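Using the sequences plus the hints, can you model the full thing?
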Amino acid sequence: MDRRTVLKGLAGVGGLALTGISAPAIAQGASARTLRFVPQANLANFDPIWGTQYVVRNAAALVWDTLYGIDSTLTPQRQMVESEEVTDDGTTWTFKLRPGLKFHDGEPVLSKDVVASLTRWAARDPMGLMLKAIQQELTAVDDRTFKWVLKQPFPKMLYALGKNNSPCAFIMPERIAQTDPFKQIGDYVGSGPMKFAKGEWVPGAKAVFEKFADYVPRQEKASWLAGGKQILVDRVEWIVMPDAATAAAALQNGEVDWWESPIADLVPVLKKNKNISVDIGDPLGNIGSFRMNFLYPPFNDVRARRAVLMAMSQEDYMRAIVGDDNSLWKSLPGFFTPDTPLYSEMGGDILKGKRDLDAAKKLLAESGYSGQPVTCLVAQDQPITKAQGDVTADLLKKLGMNVDFVATDWGTVGSRRALKTPPGQGGWNMFHTWHAGADCTNPAPYTAIRANGDKAWFGWPNSPATEKEVTSWFEAKNIDEEKAAIGRLNKAAMDDVVYAPTGFFLSYTAWRKNVSGIAKGPLPFFWGVSKSA
Amino acid sequence: MLSYILRRIVATLPVMAIVALFVFSLLYIAPGDPAVVIAGDQASPEDVERIRQSLGLDRPFLIQFGSWVWRILHGDLGTSIFTNLPVSTMIGQRLGPTLSLMMVTLLLTIVVAVPLGVVAAWKAGSLIDRAIMGFAVFGFSLPVFVVGYMLAYIFALELEWLPVQGYTPLDQGLWPWLQNLILPAVALGCVYIALVARITRAAMLEVLQQDYIRTAKAKGMGQGGILFIHALKNAAVPIVTVIGIGIALLIGGAVVTESVFAIPGLGRLTIDAILRRDYPVIQGIVLLFSFVYVLVNLMIDVTYTIVDPRIRY
Numbered sequence: 000m001d002r003r004t005v006l007k008g009l010a011g012v013g014g015l016a017l018t019g020i021s022a023p024a025i026a027q028g029a030s031a032r033t034l035r036f037v038p039q040a041n042l043a044n045f046d047p048i049w050g051t052q053y054v055v056r057n058a059a060a061l062v063w064d065t066l067y068g069i070d071s072t073l074t075p076q077r078q079m080v081e082s083e084e085v086t087d088d089g090t091t092w093t094f095k096l097r098p099g100l101k102f103h104d105g106e107p108v109l110s111k112d113v114v115a116s117l118t119r120w121a122a123r124d125p126m127g128l129m130l131k132a133i134q135q136e137l138t139a140v141d142d143r144t145f146k147w148v149l150k151q152p153f154p155k156m157l158y159a160l161g162k163n164n165s166p167c168a169f170i171m172p173e174r175i176a177q178t179d180p181f182k183q184i185g186d187y188v189g190s191g192p193m194k195f196a197k198g199e200w201v202p203g204a205k206a207v208f209e210k211f212a213d214y215v216p217r218q219e220k221a222s223w224l225a226g227g228k229q230i231l232v233d234r235v236e237w238i239v240m241p242d243a244a245t246a247a248a249a250l251q252n253g254e255v256d257w258w259e260s261p262i263a264d265l266v267p268v269l270k271k272n273k274n275i276s277v278d279i280g281d282p283l284g285n286i287g288s289f290r291m292n293f294l295y296p297p298f299n300d301v302r303a304r305r306a307v308l309m310a311m312s313q314e315d316y317m318r319a320i321v322g323d324d325n326s327l328w329k330s331l332p333g334f335f336t337p338d339t340p341l342y343s344e345m346g347g348d349i350l351k352g353k354r355d356l357d358a359a360k361k362l363l364a365e366s367g368y369s370g371q372p373v374t375c376l377v378a379q380d381q382p383i384t385k386a387q388g389d390v391t392a393d394l395l396k397k398l399g400m401n402v403d404f405v406a407t408d409w410g411t412v413g414s415r416r417a418l419k420t421p422p423g424q425g426g427w428n429m430f431h432t433w434h435a436g437a438d439c440t441n442p443a444p445y446t447a448i449r450a451n452g453d454k455a456w457f458g459w460p461n462s463p464a465t466e467k468e469v470t471s472w473f474e475a476k477n478i479d480e481e482k483a484a485i486g487r488l489n490k491a492a493m494d495d496v497v498y499a500p501t502g503f504f505l506s507y508t509a510w511r512k513n514v515s516g517i518a519k520g521p522l523p524f525f526w527g528v529s530k531s532a
Numbered sequence: 000m001l002s003y004i005l006r007r008i009v010a011t012l013p014v015m016a017i018v019a020l021f022v023f024s025l026l027y028i029a030p031g032d033p034a035v036v037i038a039g040d041q042a043s044p045e046d047v048e049r050i051r052q053s054l055g056l057d058r059p060f061l062i063q064f065g066s067w068v069w070r071i072l073h074g075d076l077g078t079s080i081f082t083n084l085p086v087s088t089m090i091g092q093r094l095g096p097t098l099s100l101m102m103v104t105l106l107l108t109i110v111v112a113v114p115l116g117v118v119a120a121w122k123a124g125s126l127i128d129r130a131i132m133g134f135a136v137f138g139f140s141l142p143v144f145v146v147g148y149m150l151a152y153i154f155a156l157e158l159e160w161l162p163v164q165g166y167t168p169l170d171q172g173l174w175p176w177l178q179n180l181i182l183p184a185v186a187l188g189c190v191y192i193a194l195v196a197r198i199t200r201a202a203m204l205e206v207l208q209q210d211y212i213r214t215a216k217a218k219g220m221g222q223g224g225i226l227f228i229h230a231l232k233n234a235a236v237p238i239v240t241v242i243g244i245g246i247a248l249l250i251g252g253a254v255v256t257e258s259v260f261a262i263p264g265l266g267r268l269t270i271d272a273i274l275r276r277d278y279p280v281i282q283g284i285v286l287l288f289s290f291v292y293v294l295v296n297l298m299i300d301v302t303y304t305i306v307d308p309r310i311r312y
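So the protein lines, in turn, are chains A and B.
FYI, numbering that gives the first Met the number 0 numbers position 236 of the first sequence as 235, with every residue one higher than the one before it.
FYI, numbering that gives the first Met the number 0 numbers position 184 of the second sequence as 183, with every residue one higher than the one before it.
Hints in this document: simulated from the structure, not taken from any laboratory.
Treat the hints with care, since some could be wrong.
Stated by the list, open to error - Some chain A residues close to chain B (C-beta under 10 Å, calculated; not the full set):
1) Phe45
2) Pro125
3) Lys205
4) Val207
5) Ala244
6) Asn252
7) Val255
8) Gly413
9) Ala417
10) Pro421
Unchecked claim - Computed Cβ-Cβ distance ranges for the label pairs, DEER-style:
11) Gln218(A) to Asp170(B): 41 to 47 Å
12) Ser529(A) to Ile8(B): 56 to 62 Å
13) Lys467(A) to Tyr27(B): 43 to 49 Å
14) Thr72(A) to Phe290(B): 55 to 61 Å
In this text the structure is predicted, and so the values were computed from the model without any measurement.
For every residue, glycine included, the Cβ atom is placed at its ideal position computed from N, Cα and C.
Here you go:
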């Protein structure tokens, strides 16, 4: 019996005991105007351009607004912008800001603030860098109008400005946005629907956001980052809880109102509590993955990479991550998020059907593999990577590979995976990770699908065919062209095994029933959320 | 005595210097890179390198160490790589909860463990003695997090008497402050109570065999007077020693306890900083802990002279 099992048991007993019992006195005195939220991780810094962790993006969405916002159909909608015009040749974009936009310090939002913010963002964001590379000028025309002149058309402009992938194009006051993009800001003034209470921030423990009275929401219904961001509470407190069992107990006890990402083990306990609602948090879910190093044997040979794909069972990986709840996962014979417009299974047959270990062994032998150690980095402090690493180690052994299993922490994996030295000299052959489904709906924010060799993400996959189709997608003029490009891209990436997708999985979110208005989405949206006593 | 205390304080300086060098070297050679954590999962190697440069992490070891020592000598513990807040501010934010937890635990330990040890020695070999020593073994054996979860289940979830998590500062009232600390202090104190009770019993057993105890009994002195005036005072040196050593245990135990009960103290700050490789914060905390440890040892030595007048420095 391990620690996790003990915790589950204890929390389970607690949950059973509480079923049918009303919230304790401690909770009932809490103000209905304060929403207490347990985030997925610690808000350790608060510069959404400098630090690109999801938790920073999630908090930043409260404080800083964006020019456009992606809605639940993955379509960019106007947010701070009132109107836009683009010339027929697609090279000059002119944007006009909504009237009445204000920063939290009372100053109006002006075009010069937007220009400075976009300049800082473009230095860090992959789409921003693409824009910067073709930029002729980005200028403020007047207080509410700014112009972006490009050397060539960029059809994905509005998506770039409204995307929810980190870093988002958040708009800051000019004085803050002029900070070097590789240095952290220390002033957290935005124009979003909530203000950051810097004085109450205890990194690692608590962050507080207060309603911004002068925020002017759009009239449209809120949908993800788009529409009217109506804040219905006075205060949102983020309470960081490193221990899942404690968070579960606090939610059951009414000490917190909303837990962003309960671990799968504890969900049955929460579901049994009549005061708690549990539902899928983010319908775009996550894609599990492991990456093989293209620079060194055995995975510099596509046959070795394909042998691993032929043998692997995505079900094994998914069950290791989410347990027995079949509603939480599905097989993924592709690289893009299921149930989104560009999803494709072209070329994914290798991941379908019965696993053929013998054929995989034969292919591995053909690749010239001769028993050299395969250095497999597995972060033990991340349940998702640990679960995947254990399955992979077993898989490689079944294939007859000599596994050098490096059990370490995420911080070490993070730095070691950047090493291009041979595996025996500090380098590696494989590491495990996962990607937010929201980042895998198209190639723009999807760093992991890029296969441009030295410039690609860790593992440095080199697949000209994949890269060709990434370019095709960027140049596509309509959804049909985009879908065709993605189909070809999926096949090329699968043929060359840019990385190994281990499956698609979802996770839950849980809240007390006196809280309403929680929307499903790739990040926790606080607009429209209310709480009764 | 005063000159002794001064000498001891001066003697802490080389200790602190060695600790500083050791910690800095260890972190320098440890795997992991804060720039990678900051840059995020999707960052390019070039972005990571630029962040490393902006943080000064690309500079040679001696330059980094020299610059850090220079700042320390000027009373500046540096700035957190992640939060951009001064390390002293971050430690200040977390000091209250940890000190409160340690204080309540220490108080609870002394109030519970010392009488238990005295009674066990007094009734040595009896059922009471066995029960107390059985509890001590139990207390030693259970990990802090298991005790913590069990207490939370019984007293927070089941009985609804106390909160599961969090911390309320003392300035918001004695009871709000205390109610967040009772369960963590009991969980953390279990091992400590067991340790002190056993040591108290052993020390008392030895003292109770002494001639002056027999003399006190012969003179008709009451049992309470014998135990708490003559015996306990003479058994105090090892008890004080183990209480002092136990403070080191408390520091270690606080890391787990603060995580289980979501108390925003130094223990959690330490874990967070280590996992993120926030070097200035780790260095600041380790320096603080080592200073506290040296100080506690000094206090123990001074206490010896109070409980045993024969000891002089």
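Hint-by-hint comparison with the structure:
| no. | hint | in the structure |
| --- | --- | --- |
| 1 | Phe45 | holds (8 Å) |
| 2 | Pro125 | holds (7 Å) |
| 3 | Lys205 | holds (7 Å) |
| 4 | Val207 | violated (13 Å) |
| 5 | Ala244 | holds (6 Å) |
| 6 | Asn252 | holds (5 Å) |
| 7 | Val255 | holds (8 Å) |
| 8 | Gly413 | holds (4 Å) |
| 9 | Ala417 | holds (6 Å) |
| 10 | Pro421 | violated (17 Å) |
| 11 | Gln218(A) to Asp170(B): 41 to 47 Å | holds (45 Å) |
| 12 | Ser529(A) to Ile8(B): 56 to 62 Å | holds (58 Å) |
| 13 | Lys467(A) to Tyr27(B): 43 to 49 Å | holds (44 Å) |
| 14 | Thr72(A) to Phe290(B): 55 to 61 Å | holds (58 Å) |
Checked against the numbered hints above, the structure violates hints 4 and 10; every other hint is satisfied.
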